[in-house]
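Visitor: Sequence:
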Amino acid sequence: MAYSLAALVRHKRNPRRKQIVIRDIRPPQMLASDLYRSSYARVCAAWEAAIPRIMAEYERSVPVRDASANPGKNIQILSDSASDLGDLFRILGDELTRLILDIIPELRDWTFRTDRWHRDQWRGAVLSATGVDIETILYASGTPTTVGETLAWNTALIKDVSDQTRQRISSAVFAGLQARKPAREVAAQIRDAVGMSRRRSQLIASDQLAKLASGLDSERMHDAGISQFKYRHSGKLHARKWHRARDGKLYELETGEQVEGPDDIARDDMPGVPPYCGCRKQAVLTFD
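Note that the sequence shown covers residues 1 to 288 in the UniProt record's numbering.
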């Protein structure tokens, strides 16, 4: 719902300043941990739980033979073994697909819960800075577009995590079968693949929280008629140097142009948009 926060402030009191800076909203990492545990971690756990089944089939399928005795028969054994393993991976893929369908309601709950958290934080920040309570307006505004986009994007990412995990595991298994590697060596490679997926998933969850919060910042600022923001650097140790240099500078929300400066921001480099960027927009309410 579009409204003019500046008009509401003028109606309540006569502002003496030309600008009011509203505190930026920084989501706690607890929300990222919640996203990881409720969705991504369940996919990784499912693949980890499948390791005994995979290794049992691998140990059964490893051709124990004398390659010099009957090479034609050995090729057939290897082909049958690969086929059996392929059938198992198709079964596991179907199981993971059903699991992801079960995860989607949890993902939806997290997305809407994070939106409610952000809405309450935005209301508190506006009230503290201006003395105007916008609770009624926020509750009547409906669900921000960013919420639906985040839900769809995370659903796709969870599927991608599962698909990549399956690809890494199957590659290790079939390469091991071809080279007749010991089962313990293949099992270690599978565990490494699951561990890699866990680490990637934790990064994704943190990044998705930052992107959701950034999108909600923009939508709620736009709804309030706020057209400018101060760039707030994330404070990360290995942050992009040009992001750190923007800290405290004033920019146009719609275009990314710097106010009274040459440092314009590209659309794909706005705060919270690049991969693993934790920078924020701090709303600046201006009075004409």
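Treat the hints as calculated values from the structure; they're not laboratory data. Keep in mind the model is a prediction, meaning the values are calculated, not measured. A virtual CB, placed ideally from N, CA and C, is assigned to each residue, including glycine. You may find that some hints are simply not true.
Said to hold, decoys possible - Label pairs and their calculated CB-CB ranges: (1) THR136 x ASN14: 17 to 27 Å; (2) GLY86 x ARG184: 21 to 31 Å; (3) SER4 x ASP94: 18 to 28 Å.
Visitor: Would you mind marking each hint as holding or not holding in the structure?
Guide: Structure-based check of all given hints:
| no. | hint | verdict |
| --- | --- | --- |
| 1 | THR136 x ASN14: 17 to 27 Å | 23 Å, holds |
| 2 | GLY86 x ARG184: 21 to 31 Å | 23 Å, holds |
| 3 | SER4 x ASP94: 18 to 28 Å | 53 Å, violated |
Violated hints amount to a single one, hint 3; each of the other numbered hints is respected by the structure.
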